[in-house]
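Enquirer: Single-letter residue listing:
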Amino acid sequence: DTAVSQTPKYLVTQMGNDKSIKCEQNLGHDTMYWYKQDSKKFLKIMFSYNNKELIINETVPNRFSPKSPDKAHLNLHINSLELGDSAVYFCASSLQGVNQPQHFGDGTRLSIL
Amino acid sequence: SQKIEQNSEALNIQEGKTATLTCNYTNYSPAYLQWYRQDPGRGPVFLLLIRENEKEKRKERLKVTFDTTLKQSLFHITASQPADSATYLCAWRGTYKYIFGTGTRLKVLA
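If you read the protein sequences in the order shown, they are chains W and G. The numbers in this note's numbering rise by one with no breaks, and the one at position 80 of the first sequence is 80. The numbers in this note's numbering rise by one with no breaks, and the one at position 101 of the second sequence is 101.
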C-alpha cells in the first residue's frame, strides 16, 4: 500500500538513449510533481501538474516530457539522454492548498554511461 | 527570486543533546514553511509545517520556530538519538511550487 511509487528504482543506460520513469500515487491527491536531486543533494522542482494539467515547467530542456494520463499518474519521458541527466529523480504528490505537505516516492537513480 | 538557505551542510552532536538547524529565506515571507527528513536512498518525509503567524510549533521531540523579522526558521530536536541521524530539509511553498533548501546532514553520535 505504498503511497507514491516510482518505477524503476535504478536506470542505467547509454548516452543518447530514450527512457521513461513512471509514477503513481494512491492518496487521492490532485497535484503531482517531478524533482531532480543532483550529486550535491539539492532538490529542484522540474514540473508541477494539477488535475492533469501542466502548471509549472522550471526551464527544463524539452528533451524532458511529462505526461499525466490521469490524476493518479505522472510519467516522465526523457529523450536523447546526456551525461548531465545523471541524478535521482523524485516524484511527489500533494493536495492543492498552500498548507499541504508533499508525499515523495523513493526516487529513480538514473546513471548515464 | 526566492531562495532558501540552510547554512550548515553537516552537524554532529552528542546523543541526548538538542540539535538546532537553521533555515533562512530571502525576499518575501512564505505563508508556510515546511520541514522534511530524508534518509539515504529514500524520498523526503514531511515532519512539520509552521504558518507565518505562528511563532512556534511542536510535535513530540520536534520544535519549529518562525521569525519573520530575521527571515528565519529554526528546527530543534530535543533529546536527540542516533536514529535521528538524517538530512533535514526546509521548504517554502509557493503557488504549485516548493523551493527546498540544500539540507543539513545531522549525525547524532552515541
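Source of the hints: derived by calculation from the structure; they are not laboratory data. A quick note: this is a predicted structure, and the numbers were derived from the prediction, not measured. Careful, some of the hints might be misleading.
Only pairs whose alpha carbons sit at most 30 Å apart, straight line, appear in this in silico DSSO-like list of lysine-lysine [claimed, not checked]:
id: 1; chain 1: W; residue 1: K67; chain 2: W; residue 2: K40
id: 2; chain 1: G; residue 1: K97; chain 2: W; residue 2: K44
id: 3; chain 1: W; residue 1: K22; chain 2: G; residue 2: K17
Enquirer: For each hint, tell me whether it holds in the structure or not.
Expert: Checked hints:
1. K67/W <-> K40/W: holds, 28 Å
2. K97/G <-> K44/W: Status holds; Cα separation ~10 Å.
3. K22/W <-> K17/G: violated, 42 Å
Violated hints amount to a single one, hint 3; each of the other numbered hints is respected by the structure.
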